[in-house]
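Participant: Take the two lone chains, each set in its own frame, and fit them into one complex as the hints suggest.
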Amino acid sequence: MGILEVKDVNKRFGGLQALGNVNLSVAENTCHAIIGPNGAGKSTLLNCLVGKLIPDTGSVMFDGQSVLGRTPFEINQMGISRVFQTPEIFGDLTVMENMLIPCFAKRDGSFALHGIRSVFSESGLRDQAEQMLEEVNMLDKRNMHSASMSRGDKRRLEMAMCLVQNPKLLLLDEPTAGMARADTNNTIDLLKEIKEKRNITIAIIEHDMHVVFSLAERITVLAQGTPLVEDTPENIKGHPKVKEAYLGEAA
Amino acid sequence: MFGLDKKDASLLLIVAVLVAFAPFFLNPFPEGSGWAQFNAGYPDLMQRFVIFGIFAIGFNILFGLTGYLSFGHAAFLGVGSYAAVWMFKLLSMNVIPAIALAVITAGAFALIIGYVSLRRSGIYFSILTLAFAQMSFALAYSVLTPITGGETGLQLALDDPRIFGGAATEGNIPVPGFFGLEMRDSAQLVLGNWVFTFNVGYYFAAIIMLLSFYLSIRIFRSPFGMMLRAVKSNQQRLNYTGLNPRPYTLAAFVISGMYAGLAGGLMASMDPLAGAERMFWTASGEVVLMTILGGVGTLIGPVLGAGMIKYMENIISKINSDILHSWFAFLPDGLEDLVVTLIYPFIGKGWHLTLGIVFMLVVIFLPGGLVQGGQKLAGLFGRKKAQEPKNATTEPAE
Chain A
1 MGILEVKDVN KRFGGLQALG NVNLSVAENT CHAIIGPNGA GKSTLLNCLV GKLIPDTGSV
61 MFDGQSVLGR TPFEINQMGI SRVFQTPEIF GDLTVMENML IPCFAKRDGS FALHGIRSVF
121 SESGLRDQAE QMLEEVNMLD KRNMHSASMS RGDKRRLEMA MCLVQNPKLL LLDEPTAGMA
181 RADTNNTIDL LKEIKEKRNI TIAIIEHDMH VVFSLAERIT VLAQGTPLVE DTPENIKGHP
241 KVKEAYLGEA A
Chain B
1 MFGLDKKDAS LLLIVAVLVA FAPFFLNPFP EGSGWAQFNA GYPDLMQRFV IFGIFAIGFN
61 ILFGLTGYLS FGHAAFLGVG SYAAVWMFKL LSMNVIPAIA LAVITAGAFA LIIGYVSLRR
121 SGIYFSILTL AFAQMSFALA YSVLTPITGG ETGLQLALDD PRIFGGAATE GNIPVPGFFG
181 LEMRDSAQLV LGNWVFTFNV GYYFAAIIML LSFYLSIRIF RSPFGMMLRA VKSNQQRLNY
241 TGLNPRPYTL AAFVISGMYA GLAGGLMASM DPLAGAERMF WTASGEVVLM TILGGVGTLI
301 GPVLGAGMIK YMENIISKIN SDILHSWFAF LPDGLEDLVV TLIYPFIGKG WHLTLGIVFM
361 LVVIFLPGGL VQGGQKLAGL FGRKKAQEPK NATTEPAE
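Protein chains in written order, with my numbering: chain A, 1 to 251; chain B, 1 to 398.
Next comes chain B alone, as it looks inside the complex (with noise of 0.2 Å):
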């Protein structure tokens, strides 16, 4: 199907057909239940699931193939989502062109900031990817405030001009869309006490996320996939093979950035501001621990730690003391307040805490990610079946 093999395409067909129905998948929990802050299934949060799942699989094409460590990826993020706004400001609402410029900007920056910082390989090369984003960040908050926003970010305004004006009227800021759909746009479904909400813009960039993902797939097969995994494997071997490593590995970190700028493109169609702090170099952390929380290298990886990452930073960071107290009530009061202060550092702010422990245990028990963690899992209840089909087990984790 689509020119893939059957696993590769049992896998799109998993994962198009979970993103479809992830509205009700995220929202288990009745309306109005103790349960329902775990609920994820409100667009905003949705949409920062695929978006975020769109720029780990493009990062995992350059660290996951190639073992380039980039630690400046948020800078092609930003870079997108400026350029989507100025879009947004000087064309049209429609997101087509916003998202496109975004692209074609970001692998613009991709190419000079690749070209010098691949002249380094290892810890060099992510110290020169840090240092291109970080300064990055410091132009767009000072020196380029003109083109950025400077600290407040680059918004949207009335007196925009907008060639093909979108409906700018009635003293209203236009919103995104696309051809007449509003990003913003949703239908809800009551089905007794669970409310599920369906999102334009969530559809949308679910949509790009499917496509994006089904072309990771196909380089990850391709014979430049296999290039990058050979520029990983051993460099040396490459080059007395008559193969230049360079511009395979810039073809990846072009490529890369460009996933990282559609998903700032479509951040900023989601909502239409760009701030500097995009491009901090925490946000570049973040990939990172999308991707090897995920399983580096593994096709489906970065998009589930993408996941994980921003569902516990949306829902633990949720929790507060008060909901501790109304959990553990039932416990005597002295005993009470002890487990509340126990567990109170790591919720909240504190769920960077949280993050870091699993992480840790996801490092130290699961090398490659919670992808060997699902073929542990799958390992234990399929053992009976395990001998038969043997090849399943010595293919590399995808």
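With the rest of the complex left out, here is chain A (with noise of 0.2 Å):
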């Protein structure tokens, strides 16, 4: 039984059938990569575990709790964090101020009403923030106006953000889409870090292979909505069915 279960799983736009039965496991602390060419449905896969779409029919459980009609931050507050495929910060704040926010969140809720003490008197969230700000070596840049800074480093403080909550599952969508080799390869070396340091389970959708084969333990190949395969790296890069739903029946 994994830390997140997703069973017969349908999705329709209109006349799209973006997902059709969709079953998929992922097992607590591995890194598990979902697959597949354009318009595969994983988009739409994510959206559903996240609370942003509710799919027609199937279920999702979280540890043990169906995460279906709550809305994205009962399902944060549940341990799902999510770092979207262009980075999602809040710009207009510092980068202290960003990452104290998940803090506040982690500790009080979706809500309090914490008005007269000032942010800067919370001393043990500050230590917190600024542990982490020094996990992903950004603790220099933490008085920085955050929308001034580059994509990769938005994109470590996405991440950052997300870590800050020890979630117990963390789900990257395409993390290193755009991105400069060298800034992929640094994006790999941390997760690859997150991965080692903490109990943390990790689902990633990527396009680019490197990413998936350097990280994952378990990949899915999705096309079309459904799942092709479920195996380790090495038997997906031979495996006949992942060529064909990538390059083509002739291939």
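It is worth saying that the hints were derived from the structure and are not from the lab.
Honestly, I wouldn't trust all of these hints.
[What the hints assert, rightly or not] In silico contact screen, one side only, chain A against chain B (beta carbon under 7 Å); selected entries:
{"#": "1", "residue": "Leu68"}
{"#": "2", "residue": "Arg70"}
{"#": "3", "residue": "Pro72"}
{"#": "4", "residue": "Phe73"}
{"#": "5", "residue": "Asn76"}
{"#": "6", "residue": "Gly79"}
{"#": "7", "residue": "Phe90"}
{"#": "8", "residue": "Phe104"}
{"#": "9", "residue": "Ala105"}
{"#": "10", "residue": "Ser110"}
{"#": "11", "residue": "His114"}
{"#": "12", "residue": "Gly115"}
{"#": "13", "residue": "Arg117"}
{"#": "14", "residue": "Val119"}
{"#": "15", "residue": "Met179"}
[Said to hold, decoys possible] In silico DSS-like cross-links for lysine-lysine, where the CA-CA straight-line distance does not exceed 27 Å:
{"#": "16", "chain 1": "A", "residue 1": "Lys141", "chain 2": "B", "residue 2": "Lys232"}
{"#": "17", "chain 1": "B", "residue 1": "Lys232", "chain 2": "A", "residue 2": "Lys154"}
{"#": "18", "chain 1": "A", "residue 1": "Lys192", "chain 2": "A", "residue 2": "Lys168"}
{"#": "19", "chain 1": "A", "residue 1": "Lys141", "chain 2": "A", "residue 2": "Lys197"}
{"#": "20", "chain 1": "A", "residue 1": "Lys141", "chain 2": "B", "residue 2": "Lys7"}
{"#": "21", "chain 1": "A", "residue 1": "Lys106", "chain 2": "B", "residue 2": "Lys232"}
[Said to hold, decoys possible] Reference excerpt, derived from the structure (chain A facing chain B, CB under 7 Å, subset only):
{"#": "22", "residue": "Gln77"}
{"#": "23", "residue": "Arg82"}
{"#": "24", "residue": "Glu88"}
{"#": "25", "residue": "Pro102"}
{"#": "26", "residue": "Phe111"}
{"#": "27", "residue": "Leu113"}
{"#": "28", "residue": "Ile116"}
{"#": "29", "residue": "Ser118"}
Given the structure is predicted, the values throughout are model-derived calculations rather than measurements.
Each residue gets a CB set at the ideal place from its N, CA and C atoms; glycine is no exception.
Facilitator: Pasting the structure below:
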């Protein structure tokens, strides 16, 4: 029984069957990659996991509880953090403030009215945030305006914001899309480090096979809304069905 | 000091000093001189400065922090005024219960209107608040006449019940007061040709304004304030970080509604009558202008904007063509007439035109409002020093 169990999930947009009978089980403390050609339904599946979309049928269980019908912030409070394809951070705020917000969310829940105490009197949360920034090598940037940083830094900040909450499951939506090779390698190293240091389950959606094969322990191949195969990276590499899905019948 | 960092504390101190000595600052010209009409140091106008300052400070907590642009905040001001006048009619002429009820009633109204309006964001939110405010105005003007006094407005009368009589006697309608201090009482200080007026109502409102300003600084610096800025910055990220934006925005909406109610209650305390026109949409628009003119999201900006607009409304609108003629009398006749004709549209009833031009200039050249203008000036004079304390320039506008 994995930490994340997706059973018979269907999702239809008008005439398009985006997901058809998707079954997926992500085991605890592993890195599970979901790959597939464009339009395979990877992002739709991810959106069903975080509460942005509700599947037409089927069930999604996380840690023994159903996530269906819950809002994104409730699902985050259950222990799922999500990194977006384009980094989503609080651009008007400093790096430190960006880090403090998830700390507050973790400690105080989805709403708390602390209107009088100053933010910076919260030394405990501040230490937590600084420690996490240290871990991703961004401590020197803590007073920077986060919108003015490079894309790679924004990505690292977003990941730090997710990790500081100690999520049970980290969802990554094409974390290296549009990155230069060097940045991609940095991201891979960062993720490897995270995996070693923490008890964390990672589910990753990715186009870049280099990233997938360096990180994943299990791979699910999705094509036209249905899982084709699920196996270890070694077996996926030479799998005829996978080649077919990616390169077409003739190959 | 008071749990503020050094910069905020000195800002609060500067504002406190300015407010305390406003009767001097605002009356720089000797009585009877040609410039005396630019004096703003009379009680009525000074009261308006601080009361609209409170209104704008509260509005800025919503608009400046969360970015939600409410076009109906005057409704809360009006509700506060009505509540205060009813308290004068029914309970006593003491301003404390009147202001307390004004704040509570406005808060309750804001809770209802905010709950509905905050289901939408952006332009739809603005339109919803505008609709609610116009509905309130229409109701106050017609259907609710028994409560609001309709067209004539709500006024005090001799036969009001007033449980704690408050010296309701001798055929005079009593005046609002604070434990014996009447709001309209003034002391005058004559120094040579200068006359300075110290009004009880002004100082009472000013103290409340300073308290509201202090509270707003605390909110800006608190985790709650940080969440509100996060709402403005990226709601999607906030959602996926485990935070529910709606109660945060609703709390900000109610707090700013209560500020508006406080301003309304103070207005009624200075002059105990309330009319529906206080809820009209132009009044809501005015506070938007004040906040933008002064600097959205800055601490002091709204107060400056409120002061600027109220000054122009009261001073420029008093200039008439005779005064213009006397100013330009030194010019040859034809030229004098020409100059007066050119300037005439911008004064008197045309003060809105001047306001419009100032507003356009500020928005185009100083998007950060008057506060940004002040910072630019400070930057010009302090350029040599500026290289050393670099963090002062990277801070967001406050």
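Participant: Classify the hint on leucine 113 (chain A) as holds or violated, based on whether any CB of chain B lies nearer than 7 Å to its CB.
Facilitator: holds (6 Å)
Participant: Serine 110 (chain A) was flagged as interface toward chain B. Is the shortest Cβ-Cβ separation under 7 Å?
Facilitator: holds (4 Å)
Participant: Identify whether the interface hint at proline 102 (chain A) stands, where standing means a beta carbon of chain B within less than 7 Å of its own.
Facilitator: Because about 5 Å separates proline 102 (chain A) from the closest Cβ in chain B, which is inside the 7 Å limit, the hint holds.
Participant: Would the hint linking lysine 141 (chain A) and lysine 232 (chain B) be met if the CA-CA limit is 27 Å?
Facilitator: Given pair lysine 141 (chain A), lysine 232 (chain B) holds - Cα atoms ~22 Å apart, limit 27 Å.
Participant: Check the hint pairing lysine 232 (chain B) with lysine 154 (chain A) against an upper bound of 27 Å on the C-alpha distance.
Facilitator: holds (18 Å)
Participant: Under 7 Å is the threshold here; is the Cβ of arginine 117 (chain A) close enough to any Cβ of chain B for the hint to stand?
Facilitator: Nearest chain B Cβ about 6 Å off; hint holds.
Participant: Would the hint on phenylalanine 104 (chain A) be counted as holding, given a Cβ-Cβ threshold of 7 Å to chain B?
Facilitator: holds (6 Å)
Participant: Using Cβ atoms only, decide whether leucine 68 (chain A) comes closer than 7 Å to chain B, and label the hint accordingly.
Facilitator: violated (17 Å)
Participant: Under 7 Å is the threshold here; is the Cβ of proline 72 (chain A) close enough to any Cβ of chain B for the hint to stand?
Facilitator: Where the cut-off is 7 Å and the nearest Cβ of chain B is about 4 Å from proline 72 (chain A), the hint holds.
Participant: The hint names glutamate 88 (chain A) as touching chain B; please verify it with the least Cβ-Cβ distance against 7 Å.
Facilitator: holds (4 Å)
Participant: Hey, does the glycine 115 (chain A) contact hint survive, CB to chain B under 7 Å?
Facilitator: holds (4 Å)
Participant: Does the nearest C-beta of chain B fall within a distance shorter than 7 Å of the C-beta of valine 119 (chain A)?
Facilitator: Result: holds, 5 Å to nearest chain B Cβ.
The structure fails hints 1, 2, 6 and 15 (numbered hints given earlier, in ascending order).
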